[in-house]
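Fit chain G to the supplied structure of chain F, relying on the hints for placement.
Going line by line, the protein sequences match chains F and G.
For the first sequence, the working numbering assigns the number 1 to the initial residue and increments by one for each residue that follows.
For the second sequence, the working numbering assigns the number 1 to the initial residue and increments by one for each residue that follows.
In short, the hints are calculated from the structure, not lab data.
Treat the hints with caution; some may be incorrect.
[To be verified] Label-pair ranges, simulated between beta-carbon atoms: (1) F:Phe13 to G:Asn217: 45 to 55 Å; (2) G:Ser139 to F:Leu14: 32 to 42 Å; (3) G:Ile195 to F:Leu248: 26 to 36 Å.
[As the list claims (entries may be wrong)] Heads up, incomplete: computed chain F residues facing chain G, CB under 7 Å, no partners named: (4) Arg89; (5) Leu95; (6) Ala99; (7) Leu248.
All residues carry an ideal CB built from backbone N, CA and C; glycine is no exception.
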Amino acid sequence: MFSIATRELRSLFLSPLAWVILAVIQAILAYVFLIQVEVFLQWQPRLVGFPGAPGLTAIVAAPVFHTAAIVFMLVTPFLTMRLLSEERRSGTLALLLSAPVSVSSIVLGKFLGVMAFLGCALGLVALLPLCLLFGGSLDFELLAAGFLGLVLLVSAFSAAGLFMSSLTAQPTIAAVSTFGLLLLLWLLDWGSGTGSQGAGVLFSYLSLLTHFESLLQGIFDTRDVLYYLIFTALFLLLGIWRLDSERLAP
Amino acid sequence: MYSETLVSVTRLSRYYGKLAAVNDLSFELRRGEVLGFLGPNGAGKTTTMQMLCGTLAPSTGSIRIASVDLLERPREAKRQLGYLPEQPPLYRELTVDEYLHYCGRLRGLSRAATATAVSRAKGRCGLEGCGSRLIGNLSKGYQQRVGIAQAILHRPAVVVLDEPTVGLDPIQIREIRSLIRELGEDHGVILSTHILPEVQAVCDRVQIIHQGRLVLNENRQQLAQRMGQCVLRLGLRRPPPLEVLEAIAGVRQVEALPEGRWRLTFGEGAGRTEELAVRAAEDDWGLFELVSEQRSLEEIFVGLTCGESFAESEPSAEAS
Chain F
1 MFSIATRELR SLFLSPLAWV ILAVIQAILA YVFLIQVEVF LQWQPRLVGF PGAPGLTAIV
61 AAPVFHTAAI VFMLVTPFLT MRLLSEERRS GTLALLLSAP VSVSSIVLGK FLGVMAFLGC
121 ALGLVALLPL CLLFGGSLDF ELLAAGFLGL VLLVSAFSAA GLFMSSLTAQ PTIAAVSTFG
181 LLLLLWLLDW GSGTGSQGAG VLFSYLSLLT HFESLLQGIF DTRDVLYYLI FTALFLLLGI
241 WRLDSERLAP
Chain G
1 MYSETLVSVT RLSRYYGKLA AVNDLSFELR RGEVLGFLGP NGAGKTTTMQ MLCGTLAPST
61 GSIRIASVDL LERPREAKRQ LGYLPEQPPL YRELTVDEYL HYCGRLRGLS RAATATAVSR
121 AKGRCGLEGC GSRLIGNLSK GYQQRVGIAQ AILHRPAVVV LDEPTVGLDP IQIREIRSLI
181 RELGEDHGVI LSTHILPEVQ AVCDRVQIIH QGRLVLNENR QQLAQRMGQC VLRLGLRRPP
241 PLEVLEAIAG VRQVEALPEG RWRLTFGEGA GRTEELAVRA AEDDWGLFEL VSEQRSLEEI
301 FVGLTCGESF AESEPSAEAS
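In isolation and in its complexed conformation, chain F is listed as follows (with noise of 0.2 Å):
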């Protein structure tokens, strides 16, 4: 499992797609977060007045997350898409299936890889409030929460990329049906609104985004937690199913 790992994070540095991804990852979320620095020295001397007002962590950390969420869910496919389909086009899945490994940790170590990777770019987000305690200090309490969140949204992410890929031998059919996958669960939360009260509620449940938000926001709650863990294990073991029923006979 983990040698299928380090051959998946080796693959990935290898490939010129990562460093790119890394880069524009950072390049986005390093602009945001100096316009959020921004307005929080612009507003500042008003809000020293205020108890309870927001902070240095809720006024630039927040907005980082938030927006490197939504970079999260457009370059998550591509770096998905591989992961199983190109293994069948290349004829590697033979090699993979004829070891002695079971296919759960195959698909498993296809995650770890992928998370690994992500791992660093996480890293590296994280990195950008961090700078702020050279001239401030930051409620971490608030900051690891909306890391948490951040962490299990990626790997919710991941493992709806890696299912996908394990449907189709072509790398850009999973990722599109990927990304199209986590924008809809993405947008349900719009659809909450409308209709009636019951599927409202369920609609704004099973959004990605409403469970982030309340991280975000510093509000721990273990249904949250347990909503990416659960999205993240049911897309993996239907991962795990698919791979498996391919060997079966139809």
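Frame of chain F, contents of chain G only:
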């Protein structure tokens, strides 16, 4: 001495929908044996290989690798397997060393064991100089070698090679064949191919599969008997009338070939060559050529896979 059964396949079938790609196949492979798996395209060779290696589950039947059931204990059984699929499973962006190390780790070798295994496999496949080259930049032949190195890396009891010499130049083909023969000495090798001379060159036993069924399963000697039924080609400057040739004892069929050559098929056993030479000299036929023709594997293959049974067309071959 080669009594250990490495692979035993019992009543194996695989259906794609209603189509039976492999139908009730049973065979065995022993240590020290190179088994040639022959068949026309679409006969079910690759499907059988895939089932042997666990990349495809059989519809019915059982496979035991080194007396471990592949379906019940797949991880244990797969440890004993090395597999080179039709398309070598290579990561083009890795170097040869990186790739082979990865394969070793994947096969559950320890880090130290992997290092020795990689250098041994590289030596065996003639890859010593290419360790740090990118697989994507290697020629087709070298990529094929990397594929074979991957399959023998962990010294598996059973090596399964699916068309290993496709797309190679003649020198590489010879090298790979001698490698396969070498492997056959201490492993069990299953070789799938549709190149007939390859089978004759390297295999101890031949199985011909046609429409998912096993139609021939013979070892080298049995096959040689089938092939070695006596066919002589004569070149005569002053040939006698056809009737004279037909009247020679044991001759079943005479065929006139261009440029004064004749093909004589004898009914049973070899050993008529001497008599024929004496006769030709006595009767002054002007003998300038006398060649013993072997019935080629190709003819057997065509006979078996084009509907008609070999035994029916050549009843004497079984008797000899």
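For each hint, the structure was consulted:
A beta carbon spacing of about 50 Å between F:Phe13 and G:Asn217 agrees with the range 45 to 55 Å that was offered as a hint. At about 21 Å, the CB distance of G:Ser139 to F:Leu14 disagrees with the hint of 32 to 42 Å. Under the hint 26 to 36 Å, the C-beta atoms of G:Ile195 and F:Leu248, about 32 Å apart, fit the expected range. Taking 7 Å as the C-beta contact cut-off toward chain G, the hint placing F:Arg89 at the interface is violated, the least distance being around 10 Å.
For F:Leu95, the interface hint holds, since its Cβ comes within 7 Å of a Cβ in chain G; the closest pair sits about 4 Å apart. Using the Cβ-Cβ criterion of 7 Å, the hint placing F:Ala99 at the interface with chain G is satisfied: the shortest such distance is roughly 5 Å. Checking F:Leu248 against chain G: minimum C-beta separation of about 5 Å stays under 7 Å; hint holds.
Hints 2 and 4 from the earlier list are contradicted by this structure; the remaining hints agree with it.
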